[in-house]
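Enquirer: The hints should help you fit chain B onto chain A, whose structure is shown.
Protein sequence lines, in the order shown, are assigned to chains A and B.
Position 48, counted from 1, in the first sequence is what the working numbering calls 48; the numbers after and before it change by one each time, with no gaps.
Position 309, counted from 1, in the second sequence is what the working numbering calls 309; the numbers after and before it change by one each time, with no gaps.
Think of the hints as simulated: they come from the structure by calculation, not from any bench.
All C-beta atoms in this analysis are idealised placements derived from N, C-alpha and C, irrespective of residue type, glycine included.
Don't take each hint at face value.
[To be verified] Now the in silico label distances, taken between C-beta atoms and shown as ranges:
(1) A/P80 to B/R249: 52 to 58 angstroms
(2) B/F255 to A/N305: 41 to 47 angstroms
(3) A/E244 to B/S22: 38 to 44 angstroms
(4) A/P80 to B/Q247: 56 to 62 angstroms
(5) A/K304 to B/Q33: 50 to 56 angstroms
2 protein chains.
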Amino acid sequence: MRTFLRLPWRRCLSTSGASVRSLLELPSLSPAQSEKTHIAQGWIKGIRRLKKATFFHLDDGSSVHALQVVVLDEHLRNLPGLCFGSAVSVRGNLVASPSPQQPVELVATDIHIDSANDTEAHPFKVKQTVHPDQYRQHLHLRPRVERFASMMRVRSAAAIAIHEFFRENEFFLVHTPVLTTNDAEGGGEAFSVTVANKEKEKNKAEEEFFGSPASLTVSGQLHLESAAYGLKRAYNFNPAFRAERQQSRRHLSEFWMVEAEMAFLDNFDGLLFWMENMLKSVTEKVLQTAAADFKYHMDHVAPKNHTALIEKMAESSFVRVPYDEAMRILEKHSMQFNTPPKVGSLDSLNFSAAQIKSKYC
Amino acid sequence: MRTFLRLPWRRCLSTSGASVRSLLELPSLSPAQSEKTHIAQGWIKGIRRLKKATFFHLDDGSSVHALQVVVLDEHLRNLPGLCFGSAVSVRGNLVASPSPQQPVELVATDIHIDSANDTEAHPFKVKQTVHPDQYRQHLHLRPRVERFASMMRVRSAAAIAIHEFFRENEFFLVHTPVLTTNDAEGGGEAFSVTVANKEKEKNKAEEEFFGSPASLTVSGQLHLESAAYGLKRAYNFNPAFRAERQQSRRHLSEFWMVEAEMAFLDNFDGLLFWMENMLKSVTEKVLQTAAADFKYHMDHVAPKNHTALIEKMAESSFVRVPYDEAMRILEKHSMQFNTPPKVGSLDSLNFSAAQIKSKYC
Chain A
1 MRTFLRLPWR
11 RCLSTSGASV
21 RSLLELPSLS
31 PAQSEKTHIA
41 QGWIKGIRRL
51 KKATFFHLDD
61 GSSVHALQVV
71 VLDEHLRNLP
81 GLCFGSAVSV
91 RGNLVASPSP
101 QQPVELVATD
111 IHIDSANDTE
121 AHPFKVKQTV
131 HPDQYRQHLH
141 LRPRVERFAS
151 MMRVRSAAAI
161 AIHEFFRENE
171 FFLVHTPVLT
181 TNDAEGGGEA
191 FSVTVANKEK
201 EKNKAEEEFF
211 GSPASLTVSG
221 QLHLESAAYG
231 LKRAYNFNPA
241 FRAERQQSRR
251 HLSEFWMVEA
261 EMAFLDNFDG
271 LLFWMENMLK
281 SVTEKVLQTA
291 AADFKYHMDH
301 VAPKNHTALI
311 EKMAESSFVR
321 VPYDEAMRIL
331 EKHSMQFNTP
341 PKVGSLDSLN
351 FSAAQIKSKY
361 C
Chain B
1 MRTFLRLPWR
11 RCLSTSGASV
21 RSLLELPSLS
31 PAQSEKTHIA
41 QGWIKGIRRL
51 KKATFFHLDD
61 GSSVHALQVV
71 VLDEHLRNLP
81 GLCFGSAVSV
91 RGNLVASPSP
101 QQPVELVATD
111 IHIDSANDTE
121 AHPFKVKQTV
131 HPDQYRQHLH
141 LRPRVERFAS
151 MMRVRSAAAI
161 AIHEFFRENE
171 FFLVHTPVLT
181 TNDAEGGGEA
191 FSVTVANKEK
201 EKNKAEEEFF
211 GSPASLTVSG
221 QLHLESAAYG
231 LKRAYNFNPA
241 FRAERQQSRR
251 HLSEFWMVEA
261 EMAFLDNFDG
271 LLFWMENMLK
281 SVTEKVLQTA
291 AADFKYHMDH
301 VAPKNHTALI
311 EKMAESSFVR
321 VPYDEAMRIL
331 EKHSMQFNTP
341 PKVGSLDSLN
351 FSAAQIKSKY
361 C
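One chain only, chain A, in its complex shape (with noise of 0.2 angstroms):
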């Protein structure tokens, strides 16, 4: 790593450094802890001035919580640049924090601005309440807020959680093919792939480039059944398509979809059992490694009472009703509902259950 020395203490980070959300989680501070220098870099999120102290809170997307840091040096506190938005490195000592809202802070002897945020031009101001619309505008920003980043990391812990959940179960991950000739569901929804025709003079023949009509999986089940009679378990998370063209949160045209296959699995209630304890590994791990992120979306953007509701979740055994006594349950309550239940309509089944769960469950 000698190669790394000879380079200004900021770039050492880019190999050494430690997260806001590492250094926030330190089991304790010890003396050696503090007197050892640290290096922060992220973006400047809120900046109070005071007579004598300027703090601010660092933000590098590795947590919902942010790092304070406080900067007594007046040299420091006057750099141009040192304003919300802006992405700075930070080396200093972590301290013990005064105040009950964070477990440490860094006190800043050296920082550098690596960019400066351009506060008039910046779409969003510090402390500005913005609708979650309002983003729409700016997209690319999105990571940048808290409510999105959060959702982001949750995203990706529950993503690792189903690979391990499979890995421990001897599961082996199976790339299932996007491209492909067939039609797993026959709903004649994928998704037709082409190469771009540039002369129009083509014809149809020459715009197919496999030789036969290719279209966008909407499913690896077929691939994946060939894989589990060799591999006995196997899964995928893949993206899958479908064509569809109402537009609601459950008409996606692309998105990612986990399907597992195991032979000598010949049973219902086999396979139940195998959901289910899914369903809860994953929920229990993301409840555990995404913790501070979860708290977050459960304080600021979930119904009330839906930490209950999760934990109950995960600690009960799912009840297995027949479709038929699931129906009258929803029926009793029918009421309740916008469209009522009506039996055979399995549409009408999902979407209700959900909302009937949440209350008599």
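Expert: Below, chain B alone, put in the same frame as chain A:
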């Protein structure tokens, strides 16, 4: 788990069964484990009928090594369907094997034929040597063939190792979009995505599902860059697509690709450090978690001395060679290439370097 006790014994397996791999890897066979009944399910790979016993290898896809099953009971030995390729469930006692070829073997007390193989109709026969190309006629059977199953397990282990490397280093997984209007590399080699035009009279505009031309991603870099400016470290592991008409191992229409973006990484040495670390970490993990499969490939598929080369790669520091110097080395050995290396051709560097490396590094 009381539900499952009511099911016949072979059904319990779907939730509690041990894989062949886990049975073979039992650290030591305690008397308690010998007395305990074990259940294994898989496919019969090879079968030998001796005077007083029948032996067969049970392959369940979890390992390149099969479990030897010993059948002494006359009734079980004569079960119809106890032949090569059949899917069977075996209950029995695990004992230390008298043969040095395997640590343990399963002495069957009960066998259930889950699906009898029609050996006449089956395209492959027991102990038959099949050229890899012949399997192309029976793609769905590949996962049942040692060589391919082993490769699939290594690929799965490598994919999981990649996710683990990034998780350990606080990167967040981002599912960058596959459908996009963005052509990252500008090569015009993207596939177009449309909805199949069922009525020929419909005009072009109606074919455009999204209101503007959409194509399949060639790279998620743009989206990852935006994610990295909020999450600091972001990666994807996505399918990517290139509409290149060449047919070679280096020109695939669909492939899975890892991309990573880091904020605050502003020097080339740091970037090389991360790339080297990722390659080594993934290699080491695959060598650990897929050790038997790796050895199988080194013994049966890879060129000679490949093991030593890979182990050396994992142990050594990667040499940094400037382009000009690399070209000089290649030119010095240009006699050894069908296509001599040419200054200015990146492609020639990529391709030749792999060959020269295996000889001179």
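Enquirer: None of the hints should be skipped; say for each whether it holds.
Expert: Hints versus structure:
| no. | hint | verdict |
| --- | --- | --- |
| 1 | A/P80 to B/R249: 52 to 58 angstroms | holds (53 angstroms) |
| 2 | B/F255 to A/N305: 41 to 47 angstroms | holds (46 angstroms) |
| 3 | A/E244 to B/S22: 38 to 44 angstroms | holds (43 angstroms) |
| 4 | A/P80 to B/Q247: 56 to 62 angstroms | holds (57 angstroms) |
| 5 | A/K304 to B/Q33: 50 to 56 angstroms | holds (51 angstroms) |
No hint from the list above goes unmet by this structure.
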